[in-house]
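Undergrad: The lines below spell out each chain.
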Amino acid sequence: MTQTTVDAPAKDRARIPARTLRTDRWWSYPLTTFIVFTAWVIYATVRSMMGSSFWVEKYHYLTPFYSPCVSKACPADAADFGRFVPDHLPFFIPYALISLPFLLGFRLTCYYYRKAYYRSFWLTPSACAVPDKSPVRKTPGRYSGETRFPLILQNAHRYFWVIAALISIVNTWDAINAFHGEDGGFGIGLGTIILWVNVILLWGYTLSCHSCRHVMGGRLKSFSKHPVRYWLWTQISRLNTRHGQFALITLGTLALTDAYVALVAHGSFSDLRLFN
Amino acid sequence: MGYKAKFRVWRGDAGEGELKDYTVEVNEGEVVLDVIHRLQATEAPDLAVRWNCKAGKCGSCSAEINGRPRLMCMTRMSTFAEDETVTVTPMRTFPVIRDLVTDVSYNYEKAREIPAFDGGDVKPGEFRMQQVDVERSQEFRKCIECFLCNNTCHVIRDHEENKEHFSGPRFLMRVAELEMHPADVQDRRQIAQDDFGLGYCNITKCCTEVCPEHIKITDNALIPMKERVVGRRYDPLVWLGSKIGVVKRGKSTPKA
Ligand code: SF4
Ligand code: SF4
Ligand code: FES
Ligand code: FES
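Respectively, the protein sequence lines represent chains A and H.
Numbered by the working numbering, the letters in the first sequence go through residues 1 to 276 in order.
Numbered by the working numbering, the letters in the second sequence go through residues 1001 to 1256 in order.
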């Protein structure tokens, strides 16, 4: 009897000419993210370089974009952390120059934002099962993810997290200061509430961070041997499932808080006072 | 209740092939795999398709439906409009054997490279594990090895050359599972980065998006694993600590 053998199939992917066969609106997430982030960055850049309308003297409202206010140009009551930076620096140096670069670094290295901008700015990939459209796509071997400089620096995220937590304490201090009435005593206005909502959500964002989750207990091999850290880890994990939401909501509240303080400081309208 | 649906199915072997159009009956309550089976029973008796359980548990029927990586047996026909054309193609990242059947041996090769669980000196029967420790890895054990995550991951889907040094979310998750095991004594953090390519993952979460078991691969396995790798090789304080002897570092396990 003759034996027949079948050749092993050639190792080739199915050749499907269409880039993607997805029929849903996969481009809407990257597109919206692109527009929202770009708009936010433009707003934040303009506002932090403006050097005006950041402080409401009457009620002690300081916008987060100028906190801590460390320039000699800051009003005395707005500068609880000292004024050690000369004024008359070039316009693009913000008054809060000791916090803003770190906050930027914190958000840039955040695992949520990485996903968001890799998808919407880098297009690696813009959506699942949609081919990567970045320039590296054209040169085989060029995609190296986060293994090389500069993206390997994303690994420094935990340090930015520590600094961001310190800055959140400063923001909390600003919110406490905002209980300031017209006569110099205790007072509450809409601005106070806005500052508090913002700072609480900022804490939500900072504490739900993946590095925080790792530090609190994620790094352990055994939870049962560390009940306290296990408890901490479970609490942070609960927040962590909403980390992306916190990231986006705080973008919104930061801009709104700043806009509110700016408009009141500028005198466009007066603060709605609830007490004193 | 039934209706005639328009289907486009990729037919071919060893890479060469094309999308073929079919009109096929659909009844209430059916899933895509039922319709593929009806095609096999009627118009296309030689259509190759891999399946076993029809219950979303064996991980055999992975394919791409309207461009989205999914299990054919878990995709209900009721999610499509009656006049919509349903396109079914094999997974793109793996070589195709015939029609909808792909060769997924890449995944088995990657699985073998991971050093197995090592309980150290614990004797069989002596080891006790607490529920809180079990839970963490239990999430990862839900995996049905459908390889939809590895198929979708752009690191290899769009860059074939990365297959050599990237194990894909499925197996990076396996490494994370072992690293989180309270009784395991090996340290796979270095090889996770050097041999299994954890650094190539840019946490864009497509693996999580397609996982039919809804495992939070990125949040619960890949990111925690990235954090562990940072602790082993990128954290300057840990490095300093190990130089002055405050931090003890064990040996790194080589890949299997
Ligand atoms: S999160 Fe990482 S492993 Fe998962 S699909 Fe994206 S790049 Fe691949
Ligand atoms: S992790 Fe999910 S998508 Fe990946 S092989 Fe397992 S079940 Fe499939
Ligand atoms: S702040 Fe987003 S992960 Fe740390
Ligand atoms: S046939 Fe088993 S998962 Fe679909």
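Calculated directly from the structure, the hints in this document are not laboratory data.
Treat the hints with caution; some may be incorrect.
[As the list claims (entries may be wrong)] Keeping only pairs whose Cα atoms sit at most 35 Å apart, straight-line, the calculated DSBU-like set for lysine-lysine is:
#  : chain 1 : residue 1 : chain 2 : residue 2
1  : H       : 1255      : H       : 1243
2  : H       : 1054      : A       : 225
3  : H       : 1255      : A       : 221
4  : H       : 1142      : A       : 133
5  : A       : 11        : H       : 1255
6  : H       : 1123      : H       : 1006
7  : H       : 1004      : H       : 1054
8  : A       : 11        : H       : 1251
9  : H       : 1006      : H       : 1054
10 : A       : 11        : A       : 133
Undergrad: The structure should be examined with respect to each hint, and the outcome stated for every one.
TA: Going down the list of hints, with the structure as the test:
no. : hint              : verdict
1   : H:1255 <-> H:1243 : 26 Å, holds
2   : H:1054 <-> A:225  : 42 Å, violated
3   : H:1255 <-> A:221  : 20 Å, holds
4   : H:1142 <-> A:133  : 33 Å, holds
5   : A:11 <-> H:1255   : 26 Å, holds
6   : H:1123 <-> H:1006 : 60 Å, violated
7   : H:1004 <-> H:1054 : 22 Å, holds
8   : A:11 <-> H:1251   : 38 Å, violated
9   : H:1006 <-> H:1054 : 22 Å, holds
10  : A:11 <-> A:133    : 25 Å, holds
Hint compliance for this structure: hints 2, 6, 8 are not met, and every other hint is.
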